[in-house]
Amino acid sequence: MLRILPLLLTLYGVCLLASCGSQRTSQSSVAPLGATSPKKGIVVPISEEFVRSRRFNELFLEAIRQKEKGNYDAAYELLAEGLRRHPDASEAVYEMAMLKLSFSTFSDTLSRHEGDSLLRRAVALEPDNLYYKETLATFFANRAQYREAIQLYEDIAEVRLTYETLATLIWLYKTNGDYAGAIRTIERLERIDGKSELLSMEKFQTYWAMKDGEHAFQAIEDLCAEYPLDLRYRVLLGDIYEQYGYHERALDIYRDVLTAEPDNSYAQISLLAYYKTAGADSLYTDYLRRVVLNPHTQSSARLEAMRSYAVDNIKAHADSMPVIRLFHEALQAPQENRDMAELYTYYVVERKMPQDTLLTALNRMLRIEPDYTKARLQLLQMLIQRRDMAAVAEICREGILYEPSEITYYYYQGTALYQLGQDTQAIKVLQKGVERIDENTDKLLASDVYALLGDVLHDHGLKEEAYLAYDRSLNHNATNGLCLNNYAYFLSLSGRNLDKAEEMSRRAVDLQSSEPSFLDTYAWILYLKKQYEQARIYIDEALRDLTDTPENASIFDHAGDIYYRCGKKAEALMFWKRALRLSANKDAQRKIQRKVWRKRP
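When you line the sequence shown up against my numbering, it's residues 1 to 601, in that order.
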């Protein structure tokens, strides 16, 4: 069906265009007789009409300037003054009409009536101005005065015979219920642009609305006759027969087309739809396999057939195995693009199949199109959730090869290598990543990359380089809580710049007041500054609901030291023993064991 948009324009939106497009000649451009003289010394009087026209032009131009600045009250006053001086100036009449129509409320019938009258008058004063006529026609159409709008557009079409003008006329005729007028205009448009699927379908729909089935189908048959070598139109005719209940005629057309062109994708898809609608399940399934598995079938037809089959299966909550098997068979053949693999992935997700199945689907898609970032990032997310760091490192390594500007890959490859104990490799990857950071890089991601680099450098013994990385991280994101905490903690371990460490740790706690590791860092810095009671307040917060895991061993160790300095030696010993039981680090175990033996830090 021809989708012809109605010309329901905002009236105000065309004001300036219409004013600028006016063909009215300003009277000020014509000098009055006797205004100049070649003889020197003779004073020639300026006529009153010249002065009046010049003053009108000044008022009108200032009104337009004020309107463009949004000063509509000032524009109104200037136009009103101009019209008092020159009541027949069509451009001023038009602009005043636009102001009244554009800014009157629904209940303000007087302003709308005045605007209507002024707009009609502008057209009467300058009947050759097409902008004015279009605006008035739009006004009529918005008020459902379609006959008046049609008459104006017919006048416009006599002067400006364009596709847009006639398309608007078609919509107006159909909206007004004048189908004969719509048909006349469609045929008029066909004489200009030639027959097309769009216009033929519009003609078909119009005839069908007139209950003239004979002429409706004839419109499509004429299109087929116009382009006999384009079998797509024959398939379109079959589709229309099928849609309107002429099933046998439709089937005959599909078969004729496929006899002439066995791999015609339009006919293949239409025949599949025919079998499905008819409930011929075995015919549908057999023909579906022929279409999907035939190497000569166009990829678009193969994909459309498989998509329809998969979507129907999802909606029916039917057995997924036949669909999966057909997908696997289809994907065994060489693929022109990732589309079939992506459709399979969509099906796996919609059917909520196991994660292993989805991983296989994503990997298959990446084998077909390795630089498909969306699939790689989705796969990366799944591998991170599984904590498969070796696979994370590999998927990111490949991602960098295909898209070296994607900073995410450097970050997660660095994270994976760090957790795998490959610090040197992690540093190299992260340093390459920070070299890619520029003003277009996401600030939060850039901050995270620098913060991670700082962590790895510090663990590698490169403390000064680590502090520089932390500073750069905070330059990108001053509220990076993890960076603030780690930076502060490492400063406290070195015993240097405790005031700076306390300030950063305090900011981290303010950002995430329930994070045990942040509270522990702040408590430990207060402990180092000998503020033991304050430190105990924060370590108690850190211990709230803390689980007994190896990662939390250092928090229990710190709690023991803090409690000891607060005079609570029994509780301190209990915390040290708890830390000793949880700690997996040999050096840390020896230090904690010494505290237990000595019963003091």
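Just so you know, these hints were derived from the structure itself, not from any lab.
Bear in mind that the values here come from a model prediction, so they are computed numbers and not experimental data.
Be a bit skeptical, because a hint or two may be false.
[Stated by the list, open to error] Here are the simulated SDA-like cross-link-like pairs (lysine to any residue), alpha carbons at most 25 angstroms apart as the crow flies:
id: 1; residue 1: K374; residue 2: I384
id: 2; residue 1: K69; residue 2: E48
id: 3; residue 1: K586; residue 2: L528
id: 4; residue 1: K432; residue 2: H476
id: 5; residue 1: K211; residue 2: G181
id: 6; residue 1: K443; residue 2: S494
id: 7; residue 1: K315; residue 2: H296
id: 8; residue 1: K211; residue 2: D230
id: 9; residue 1: K276; residue 2: E226
id: 10; residue 1: K569; residue 2: Q512
id: 11; residue 1: K530; residue 2: D540
id: 12; residue 1: K586; residue 2: G567
id: 13; residue 1: K352; residue 2: S320
id: 14; residue 1: K599; residue 2: L546
id: 15; residue 1: K529; residue 2: T549
id: 16; residue 1: K211; residue 2: L229
id: 17; residue 1: K276; residue 2: Y246
For the pair supplied as a hint, K69 and E48, confirm whether the alpha-carbon distance does not exceed 25 angstroms. At roughly 32 angstroms apart (the allowed maximum being 25 angstroms), E48 and K69 break the hint.
Can the restraint linking K443 and S494 be considered satisfied, given a maximum Cα separation of 25 angstroms? violated, 29 angstroms
Is the hinted pair K586 and L528 satisfied, with a Cα-Cα distance of at most 25 angstroms? Since the Cα atoms of K586 and L528 sit roughly 24 angstroms apart, the hinted pair holds (cutoff 25 angstroms).
Within a Cα-Cα threshold of 25 angstroms, do K432 and H476 meet the stated pairing? Since the Cα atoms of K432 and H476 sit roughly 17 angstroms apart, the hinted pair holds (cutoff 25 angstroms).
Can you confirm whether the C-alpha distance between K276 and E226 stays at or below 25 angstroms? violated, 31 angstroms
Hint check: K599 vs L546, CA-CA at most 25 angstroms. Holds or violated? holds, 24 angstroms
Holds or violated: K211 and D230, Cα atoms, limit 25 angstroms. violated, 28 angstroms
Does T549 lie within 25 angstroms of K529 when you go C-alpha to C-alpha? Violated, at about 28 angstroms.
Taking only the CA atoms, is the gap from K315 to H296 under or equal to 25 angstroms? Violated: K315 and H296 sit about 30 angstroms apart, past 25 angstroms.
Within a Cα-Cα threshold of 25 angstroms, do K352 and S320 meet the stated pairing? holds, 11 angstroms
Are K276 and Y246 close enough, with their CA atoms no more than 25 angstroms apart? holds, 16 angstroms
Sort out whether D540 lies within 25 angstroms of K530, counting only the CA atoms. With a Cα-Cα distance of about 17 angstroms, the restraint between K530 and D540 holds, given a limit of 25 angstroms.
Violated hints, in rising order: 2, 6, 7, 8, 9, 10, 12, 15, 16; the structure is consistent with all others.
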